[in-house]
Amino acid sequence: MNPLRKKNQFRADNVEENVIFFFWNNKKYFANKGDSIAAGLLANNQHVIGRSFKYHRPRGIMSAGVEEAGALVTIGNGAYTEANVRATTTELTQGLSVYSQNAWPSVKFDIGSILNVLGRFFAAGFYYKMFMGIPPFEWGRGTKIWMFFEHFIRKAAGLGQSSRLPDPDCYEHMHTHTDVLVIGTGPAGLQAAISAAKEGKDVLIVEQDYAIGGSYLSQPDTVELETQIEVLKQLQVTILTRTTAFGLYDDKTVGLVQVMPAKEYKTSSKKPRQQFNICRAEKIILATGAIERSYAFINNDLPGIMSVSSARTYLNRYNLLLSKNIVISTNNDSAYETAIELENAGATITILDAREQIGNKLLQQIAGLRINLYLGSGVVKAEKGLNTSSIGKIKLVEFANNKWRYAGNLYCDCLLISAGWSPVIHLASHQGYPINWNEENACFLSSGDNKSIFLIGSARGIWTKAGCIQSAKEIFQYNSRKKHKPSTVIGGWETPLAPIYEICLHNIKGKAFVDPQHDVTSSDIRLAYQEGFISVEHMKRYTTLGMATDQGKMGNIIGLALMAEALNCSISEVGVTRFRPPYTSISLGALAGRNRQSHFKPIRRTPFNNFSIQNRGVMINAGLWHRPWYYPMESESLEAAYIREATVTRRSLGICDVSSLGKIIIQGPDSTEFINRVYTNPFAKLPVGKARYGIMLRDDGLVFDDGTTWRLSENCYLMTTTTDNASSVMARLEELLQVRWPDLSVQVTSVTDQWGGCALAGPNSRNLLTKIIDDPSEISNESLPFMGIKQVLMQNVPCYVARISFSGELGYEIYIPSDYAQSMMEFIWENGQKFECCLYGLEALGTMRIEKGHLTNAEIDGRVTIQDIGLSKMASSNKDYIGKVLKNREKLTDSDRPQLVGIFPKDKNKTFKAGALLNEAGYSNGHPLGWVTSVTFSPALGHWIALGFITGGLAYVKDKNIVLSDELRSNFLDVEIVSPQMYDPEGLRLHG
Amino acid sequence: MVKSPKIKRVNALDSYFPKNKKFNGEAKIDFELVRDFKLNQIVTWPIKMNNLKKYFKSLNVNSDYLKPGIVCQYGSAHVVRVEPYKWWVLNDYSNVFGGIDRDFVMDIDLSHSFVQIKISGIFSTRVLTHFVPVDIREKQFPVGKLITTSIQQVSTKLWRSQNHWKIFLPRSYSESIWQLISEAAEQYEF
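In the order they appear, the protein sequences are chains A and B. Going by our numbering, the first residue of the first sequence is number 1, and it counts up by one from there. Going by our numbering, the first residue of the second sequence is number 1001, and it counts up by one from there.
The set of hints was computed from the structure by calculation and includes no laboratory data. Here the structure is a predicted model, which means the values were calculated and not measured. Glycine is no exception: its CB is placed at the ideal position from the N, C-alpha and C atoms. Among these hints, one or two may not hold up.
What the hints assert, rightly or not - Subject to a maximum C-alpha distance of 30 Å in a straight line, what follows is the list of computed DSBU-like cross-link-like pairs (lysine-lysine):
hint	chain 1	residue 1	chain 2	residue 2
1	B	Lys1166	A	Lys270
2	B	Lys1118	A	Lys271
3	B	Lys1086	A	Lys270
4	A	Lys271	A	Lys690
5	B	Lys1067	B	Lys1118
6	A	Lys601	B	Lys1028
7	B	Lys1118	A	Lys270
Said to hold, decoys possible - With beta-carbon atoms standing in for the labels, derived distance ranges:
hint	chain 1	residue 1	chain 2	residue 2	range
8	A	Ala640	B	Ser1015	25 to 35 Å
9	B	Arg1035	A	Val618	25 to 35 Å
10	A	Val231	B	Asn1095	51 to 61 Å
11	B	Ser1063	A	Lys252	32 to 42 Å
12	A	Lys270	B	Lys1019	42 to 52 Å
13	A	Ser162	B	Lys1006	53 to 63 Å
14	A	Ala914	B	Asn1020	45 to 55 Å
15	B	Lys1008	A	Lys958	55 to 65 Å
16	A	Lys252	B	Pro1142	43 to 53 Å
17	B	Ser1015	A	His943	42 to 52 Å
18	A	Phe152	B	Glu1189	47 to 57 Å
With the hints as constraints, model all of the structure from the sequences given.
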C-alpha cells in the first residue's frame, strides 16, 4: 500500500504552508495541518503502527474513528507521556512525538512476535488453566508459580506504558446545564441542534472529533456542512469539539470529557488539559452514528486491511488515496459510494459482495467505471506481500450451494471491509433502555425513552442521509407532552444486507480475529462454547472479548454471532452485555480535576492557624482540620517538645488552640427539654451561667459523643462536641428535631466557625486571665467556680470564659469571635510570657488527657457503652433519653464486657504502642482480654502509660498477670492494670 | 463599643487580599473580599410563624420576605430566608429586627462564621460553574436569588447580585476553597 497525497485537492486549511512536522519513533516526518496521527502516518507510508496485545502481531490502521483497535500509540515525552492514544482520533500537532507500542526492539522487528508462533499454547483461558492447582502436588501450577511468571507475562502482554512521573498538567471540572444536549455532529446531530435552537432552546452540541461534521467530513463536498455550521453560529448554539460523552446517568446527566487543543494548554500552565463536564439537560439527543463492522477471516488483522468508510474519510477529509489497487469486501450498499469515489480518485476497485444480487441503481452507478464486481464473494484469508508486513494477496471464496468455496487468489495492497453497521447505542444502554436485535439490518437497536432521550440518524439504524436528517426534524414536530413516535423507517438500502460474521474453510488454517485489540480469535469463542462458557457474560470474561480500551466496538457482534452459531440459536437469544461507562477511554486526571495534592480534600483552618505557624507550630491534618501538633524549640524532636509542653503546663501555664471543637447553638423555648432528651444525665436544672459534661447515646444504647453544654440564657445553650463528631452531632440534632420531635420549638445552628477558642491550663491560668480581661473580679474562684461560664470583656471585645479543663489542671477556655481570635492570641501570648508559659499542641494535649483518663474517639469508637467507660452514674433513671432502653440489653450490661482501664508497664523503662492486645499470661494466642487505645509517655509519672479496655475491668484482672502483646512489632511485656485516672485522681489540681 | 487597638478584626483571607487593592469591575474576572460585614441570623418556630408574618406586614414589605432564597432589601439591610425557620440579615440588623418581640424570634451573630467574597467580570459565572453543581444560568438563577450549594463538598451560600456574585464560605474552609477558586480563575486571566 502506497498512499498518495492528492495535492491538488487540499481543503482550505491544507495548503502548503500548513505543513507540520512530527516524530514517529524518533524519526522526523511531515504531515498536513489538521491530519490525524493515522493520516500523517499513512501519508508517510507507515503501516505497522504497533504490535498486538498477546501475540505481538503487526497491527496497522483499521479505521478512522474511535472504534480503532489496532493503531494505538504513545504520544509525548517524560511526564507528558500519554499511552494508548488512538492514532485515528488524535490530531497531529507541530513537533509531536509519537511512538509505537508493545514492541521491542522495534515495531518492525519485535522479539515478542515469537508468541505468535507459539500462539496455539496461549488460547483463551490459558492463565486460568495453567495456574490452577495446589502446590506442591501439582507442580508448575498455583499461586506461587503464577507469582513467578506474572512478571514475564505482564511484560510480554499489554499496550503502552504511562509515565511514572507526576502529571504536570492541570485538569478541570465543570457543571453545565442546558435545555437540549445533542451528542454527535453528523447530518442528524446538526439538524437536531438547529431545530432545537430555532425553538428558542439553549443548545449544546458536542463532538468527540477535533472537527465538527461527523460523516459530513468524509464526503467530497463540504458546502452543506459549512452552511449548517454557519446556521448554528447564528443561532448561538454552543459547540464543543474534542468532547466525548462517555456516560449517560440518571436524571439526564451526561459525563463529558473535553480535551483542550494542545496550543492552549501547552502555552499556559494555568489552562487545563482536559475538562470533565457534568452536563444536565432537559432533552438529550443521541446522534452518535454507527460503526462499520468487519468480519472474521484468517489474518484479518494484517496492516492494510481497514473499514470501507475509513478509506472514504482518508480520501475526502485527509486527501489520501490509500492505494491504486483496492479490494472491497462487503455485504451492503454503503460500500458502493466509497468505491465510486475511490475510483474517481484514480484507483482500480474490485468489489466482492457477499450478496448474490444487488439493486439496479447500484449497478447503474458503477457501470463504466474501473470497478470489477464479484457477487456472492468474500475473503477467506489475507496474506502478506513480499518484503512487507502488510497485505499483498487474498484468497477468495464464492457462495454456492449454501456454502463458501475457494475461488482463487487476488493480489492487492489494500483490502476494505464492510460487513454491516452497528449503531452506537452505548449511552442508551448505560441507562438500561431496551436493546433489540434487528434481523433485517443485523444490528442492535435502541430508541431511548422517546420522551427526553432520543436516538436519531444512523444511531437509530437509519442508513440514508435524508432519513437521518428527517429523524432529527421529527423530534421537534410533536407535542412535547406526548411520547414521541418516530415515523422514519430504519434501514434504507436498496438491497437488504446479507449478514456475514465469519468466512472460514476447513482446509485453510490460521488466526481469524474477532476482537483484534485483545487478540481474541474465532477459535477462542468456540473454545468458550466447548468449555461451557455460553452465557454472553461468561464468554466475555473467559475470552476477554470486548474488554480492551475499544470496548469491543469492532468485534462484539462477531463474537455474539459465533456463539449463536455454536448454540444454534439467534443473536437475540445470545443477548448482549450491558455497556458500561466510559464509552471511550478517558483519563483519570480529568475525573480527579483539581481535587488532588493539596486540594484532595478541603482543609479547615482555625482562626489561630497563622499564629501557630508564626510560633514554630508543626501542623498536622487531624481529620479535616489543620491543627498544631507541637511547637518545637530550635531542633527539638516531637518527643522532647510534647514532654516539655506537658511539663510546663502542669508546672505553670500552657496555651492551646481548641477552636476545632464542635459548637452548636440551641435556641428556643423547648431547648432545655430537648437537651434533656439528648443527654443521659439531667440538664433541666442547669442554671444559667453553668456548664455540664454530658454523654450522648445512639438509639442502640452505645455511646455516641460527649462534651460540655453551657446554658447561656434561659432558652439558649451552647453545646460543644468532639472535633471528629461535630458534623455527626449536628446532623443528629437536626434529624431529631425534624423527624422525631417536630413539636419542640427549638432551632440548632452550628457556630463552630463563629468562635475561636483557646485553652489556658496550669496553676497560673487564673493569674494570666486576671491580667488580660477587663474586669478581673469576674473570674475569681467565687465568681467563676468550676464548670462556670461567663461573658466578659477582653480589651473591650466580648468573649466567653468557661472554667473547664481537659488537661486536669486548673483551666479555662476562652471563646472570642473568630476574626478577633488571632490578635487575642497574640495578646494572651504576650501577657503569658511573665508566667513562663508555653504553647502546646495536639500531642501534649493527648498526653495530659490520657494521664487524666479523659476520653476521645480512640475510646468512644462506637462500640462502647456508658458502663464500659466507667460513667454509668451519668445515666439518669429519672428521665427518658435517647438510648435509655436499648443500653440495658442483656449483652450490653454484662459485667464481663471490656471496661476502660489504665495501663502501666511493670518495667517502667519499656515502651509500647496503641493497638496492642491484652492477654492473661500464658494465653497470648487466644481471644484477647482487651486492647490498648491510647499510649503516651507521661511526664508527670515518668514512664509510659496507656488507656485501654479489658474484660471485666479493673476488678476482674486484679490478681491476674496481664501481658501486652504487639504481635506485629514482636513486643511482649508484663503490664499492670490500674484506674484510668492515673494522675491526680482526686481532682485537687483541677479545682485549683 | 470602643475596640482596643490590641485586638483587631482580621479576616481569614486577609493576607490574600491586600487592603489597598482596588476591586476592578472592568476585569474579565475579579474578586473582592468583603471585610467587617455584619451578619445576623434570626430563628423562629412553626407555632410562631404567624407572629413573624404579622411583623413583616407591619414593616410594609412584600411577601418575598417569606419566600426562601429571595434576597430582600430593607434600608441598608438585606434579608433572606435561608432555611424554613431561619433568616439571615446582612448589615443593618437592628433596622429590620430591632423592634421585634423576642417572644417569637431569637437571634445570633454569625458575622465571624463566614467569609464573603464578591465575584465580578464576564467570566465570573463561568468560574463558578467549575465548582457549583446547580443551574446558575440567568433564567434559572435571576438577580436577587440566594441558595445553599456546595464547593468541594463545603456548604456555600451563593447569591446573584446586580453586577456580581457573592459567595459566603464557612470561615474555617475559606482559605482552602479560596485557593481552589483562585487557581481555576487564573485561566481567565485573574
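Violations among the numbered hints: Of the numbered hints, 3, 4, 12 and 16 do not hold.
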